[in-house]
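So the chains spell out like this:
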Amino acid sequence: MKKMFKKLATCALATLVGVTSLAGCINVGPQGEQADRGKTQLYVSHYLGGVGNAWLTKIKTEFESLYEDYKGENGKVGVQVMINDHKQDGESLAEDIKGSEDEVYFTDKSRYYDTISTGSLLDISSIVTKKVDGVSLEDRMTEQQKGYYKYNDKYYALPHYESFGGLTYNKNLWNTKSLYFAKGKVPSEFSTYTQANNDNPATGTVLEDYGYLPTTYTNAAGEKSAGPDGKYGTFDDGMPATYEEFFVLCDYMATKQVTPFTWTGRFGKAYMHYLFNSLWADVDGAQSVSTCYGLSSNSFKVVTNAEVKSDSNGFVKDELSFENVTINDLTGYKTYQTEGMYRAYEFVCKMVSDSSYYSTKLTAGQSHYHTDAQREYVLSEFEPEKWNGGKAIAMLVEGNYWENETRDATIFNELPGGRTAEDVSYAHMPIPKVDESRIGTKNVIVEAQQNISFIKGNIADNKKQLALDFLEYCYSEAKLKEFTEITGVTRGLNYDLDSLSGVGMTDYAKSLIEYKKNADVVYLVSGNPVYTNNQSYFTYRFSLKGYDYAFDYIYDEKPTALQVFNKLKEKRNESTWKSTLGLNG
Amino acid sequence: MEKQKPLRSLNRKQKDLLFYVLLMAYPVIQFCIFYVVVNFNSILLAFKDYNYGTTGFESAGYQWVGFKQFAKIFTELKANPALSASIGNSLIVYAVTTISMSTLTVWFAFYIFKNKFASKFFRIILFLPQVISPLVMAVMFTSVAENVLPELLGKSGWKIPPLLSDVNTRFGTALFYSIWASFGTSILLYNGNMASIDPEVIEAATIDGADGFKEFLYIIFPLVYPTFSTFFVVHIAGIFTNQMSLHTLYGEMASPKIQTFGYYLFVRVAQGNLKEYPFLSAMGLMMTFIAVPLTLFVRWGMKKIGPSVD
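Residue numbers (numbering that gives the first Met the number 0), protein chains in the order written: chain A, 0 to 584; chain B, 0 to 309.
Please keep in mind that the hints were generated in silico from the structure rather than gathered at the bench.
One should not assume that every hint holds.
As the list claims (entries may be wrong) - Each pair of labels, with its calculated beta carbon distance range: (1) L127(B) / L212(A): 55 to 61 Å; (2) Q33(A) / L151(B): 48 to 54 Å; (3) T359(A) / T168(B): 15 to 21 Å.
The structure presented is a predicted model; accordingly, all values stated were derived computationally and were not measured.
From the three backbone atoms N, C-alpha and C, an ideal C-beta is built for every residue, glycine too.
Isolated chain B, as found in the complex (with noise of 0.2 Å):
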């Protein structure tokens, strides 16, 4: 009979490759039952129909009923103008969030590179949303912007309403918030770029009389367009499920009005049942049809368009 081989006589590239594969294992076969099987029914799901059955269990059940759950979406499009309204406000928040994301936090983190006037103060303030929990920072946001700044304002005789509540200011309130919540993870990232670069071509770039613009767009700029592009990227690809943070502001109570299509989908999900499931799924996959090609694009877009390294 054979003698097992005791571990201690693996040669090290064997020892390596186990210990990769047991280091790996877990997370692999989370991926694939949490990840791959889940989204694989997901998609099975959108082509299906729940029947309660009336004539007892055997009759219950999931039922293959084609493309019905598709059709489904366009009558409740037209017939439901939160659905509609979530879809434009959905367009309206990447479009701020792109513009913001791209233009201030850039700027932003170049600033605190640069180390300037009060850089230190920025960055505790917009780092502040990462190292708090988000349901402390919703509290304590809602709060300011509902009693607070109402009632401190108001004392200075300037009277504005409370920002979440009030029907013209709730959206841009949740947006400002929005993106507040999600600049400090950006500045972080272009700082970290930043501070990879070479100081001596920053050096070279200002004995060769260039200013901070100037040091910027030629030398900074270029070199974080990588991370700028993957944001821009990643912008796109999460238009449709981006919740603008609403469900952490509002929990399940956002005004129609101001949702995005991702919280609608989101919520209508928490609160959906077996019948509803594949309607949901379909309308996600959907979407999803929309912002593959539109991401791919945007990608091939970025990569022409980009500022030369050299």
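Extracted from the complex, chain A is given alone in its bound form (with noise of 0.2 Å):
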């Protein structure tokens, strides 16, 4: 009896054991979505992160319902898209690409070459230069884009969303508390604009004075001062248009009890790193930045000399003299020593220099996650005495998905006093210019994160045009289209953003929208061997791997932009440059 129970207990414990482990192999979709043997099952890898599900959601069930008539091996009919949201980047899944089961995929970071050079991608050229009335996947693309996805004349993935970041600001408290600078009363535009209407001339203490001067704001109603672009009547019509007048409006916002930034402390670098990036692409321009990755130029503005300028009050630039150099695969470590570099490093110097300038939980960085800042963030609007010592958080230093994460989180639920979403307002900032000289010079916008979108190498061949024809309608410039108004964040190719219905999208997603229509795309990729090979040198410009983050450094001990500026010159000099990427000459 006894050996009897024994073998019951352990056939039991087998039979549990061996379940458990088999409930993985279990086929299984969005929601428990069982497989249809009737159908033929297309596994679709999804990293569910900023920009939400709903966009491919229902693609799935279009296109399962276009290929309902779908004849697939074994007397199969119709197609069954099987969605596996998950949290593992492209990094982390390049290894595993062959051995799963996913077939097609949109990551976040990928490893490009990676997965190319050991044969992990399919083939996907067919589809990315079939014309499509016209215009191909490929005529989408930058002359950039397509140096870095074409490989050996072929390509084997499709940028996916354009993830860039940078400060976010509330409208309901630029307007709320009078934040917009008015027209003709910040220097940008004093003089010709008092002249222009007869106005008192202006005088050297109105201009010292100015920022703190109520008459220098207005709220949404009144006239606006014509902003970075230096037009009236634009998105950005009274934001700041320099950095001075970012920084006055800083100050100004101490005495209208509000904070002018928050950012996630326990991934403070991360995201201080896209606002980097914005900062450095804005002065440098597209073309600079992307010669730091093609390390292809013959004329490279670099900095040669700084003079510190820098005063605790206020912002004063520093007078920096510079030269022209040269730029290939030797000299490539100039690159590091641009204009675009040390304005950003001033710029951020200046934000983190001052306490008040920031949100009292962020001294307590490590229990302060993404989403807490996003939560402080909108709910300081309505209850500043709770979430922030009473004063209101202007802007948020995020990623362009930001507001997607805060809805999934739940966040806009935790509004007080039966408010909604709807509610709240939001508008992306553009980046001040560094002096009055640059007002009206077009926006960069930084894609850093390389999101793809691409079909297993080792697909099965009954498989291969299913998946190919799947990829290609997500492609389609309806659904370009369709995820932006979805998600309000675009895809990293060129489609007619002003055709967009606009229906259902936030003022953030809008000034989004707006921002590109204006801006320059570059991507931080070149088809240089250089940089194809070395990849990993050049991910983070700010915050190198393996070496001090910049951030750190700012936030921590409090340097100028020169020491900053000095600290990374002399990392990445001549020597290193040439040792670490294995350069001989």
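Since each chain comes alone in its own frame, lean on the hints to assemble the complex.
In structure tokens form, the structure reads like this:
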């Protein structure tokens, strides 16, 4: 009897272990969807991040309907798209692709060349070069993208969504606290405006005090300044046009019970990296940024000397001297000495120089996650006492997908007094220009994450065409637009943004579209073998892997921009550049 | 045709052997694949470099490059302060961990063993990190160190910064957590060791007039010395792999100022790519070259200087 019991117990345990280990093998899709064996399954791996999955779920339904008569092998009719939402980014997925059940991928942070060179990706040139209404997906790419995505004359992936970052501002707060700059009341337009209107001529005193005069500011209904684009009647009206105006505004906020910024303490260096990128690119321009990866230029402007002018009050930019140099594989280290990088340090050094500029919760950084920053940013407008010592927070340092994340984290459901997401309004803040002379220069968007879509290389032969059809469908112009309408985020291709319906899009999403329409997009990639063979060295320009993070240094030690600039210059010198990248000559 | 021998006809020895083979086959195969093969491949990787190929997949792949990756380590050590700082931090962590483990844990174990005042409370507090999931523990600790303590002490007029974020306190706090989190295991082993000591030996010492200190010094410590020296040697062996719980506390975002070599290497591998793996492999191998003779030397030394049980 005892023996029998032991045997039974052993069998039961073995069955339990077997069943639980097999649980992972059961074919289930989103929300536990079971595989319909009468149909052909197409497995889709999807990084569930800032853009959510509503766009893909819609495509799944449509594609299944379009292919309901599809004849697969073994008499199967119809297609079932099985979406596998997960949080594994492209970097960690890279080595699992071949062995995975998933066939079509939409990933964040790719390791494109790793995956191609190990044969993990399928050649998708047929759909990239196919003309639809006279335009191919290749035509929708920039030259820089073509150089990167084309590997031995074949395409293996397509850019997924564009992620870039910077500053978000709270439009309601700008209105209620009157934080918009008024027309003609900022130095960049004071003299011309006052002269044109026969107003009082600008005096030195007024210019010095302009930031603290109530007349400098207005609300949403008032006449606003032209902003960084220098044009009235555009999306950036009333925004600070220069670094000086930006920090004058920050100081003014203190008098209005407003804290200028918050960002995530725990992932601060990653999110600040977005801001660094935006600041750098805005000064240097898309061409210069692109040269930092392509490593080819006969006339590349670098800083030769800097005279520190910064002041603890307000913002005074340092005086820089320049020279033009030639950039090639061997002199690539000089691309770390540009004015844009210097000005980015200046801006961020000023941002963190005064702790009253940022949220009180940031000091306890390790317990301050990105959703914590989003929560205090959203809720401090209505409950400032509870969230930020009585002050609302004006700006958030984040990625362009943050509003989706906030919605997915149900933070808008926490709005007090029965408010809903309809009661809040945000917008992307254009990067202010270094000085008045640069007002009107084009914005630059830096896409740094390399989010891509692809099909796995060892997909079954009988499913190749189906997977290609699916990917092509996801990249039809209608679907590209729909993606933007649903997520508020753009895909990494050129398509018509003017004809977006705007229905259901938030103010923030609309501001991103407006910003993109007026911007050059630059990708931090190239087809240069020095880059492709050493991608990780180029990945984080301001927080290089294995090196000191620029933001850590700035936040911890509060150095001057010149000190940060010299520190990186020292690390990225000729000798280390050549030895690390294996260059001779 | 010879009839197959039924299992029932096997003798006891054969059955035992069969049982042993079946029992051990799975772990041995696992060990061979996931330890021997993987580590051997890592060693080979240190002498290779990855080329992404410029003319197609045919030319992409790993190539033998001799000691090139090892030479790169010295360049990196010179150019990358985060790496050299991580080695320095590892040595500090080793020193503090070894000192605390070799003094505090033995004392605490003895205290609990003797059932002194509040020993049950200490037992719970010290075993807590072992019974609660490390992730949950880290979240709780982070919350206490970052928010609860500064808030509570702030109210009583003693201002302290968020301990894991502040530049001056983060290393010490992480180190404290790391030691505390591994305290329970050591105490458990020492306790088990002490519990196995013949009570008559202790009784005899007490009759001979030995007080608590003498009992510890002349009876307990010599008898737990093998465990003590094992810990000592294990710490040396783990000098370059100890992550000081940084990944649990900070994820991949720990400041370069507080990183240990173990953490540094782990994060770089986690974020690395095919091109970087050979270099990281060479770096790991080089640290092994340093740690192995050091470990053997310490082991030899511990045997030499250890107290006699007699």
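Structure-based check of all given hints:
1. L127(B) / L212(A): 55 to 61 Å: Taking Cβ atoms as reference, L127(B) and L212(A) lie about 59 Å apart, which means the hint holds.
2. Q33(A) / L151(B): 48 to 54 Å: 52 Å, holds
3. T359(A) / T168(B): 15 to 21 Å: Once the Cβ atoms are compared, 18 Å apart, the range 15 to 21 Å for T168(B) and T359(A) holds.
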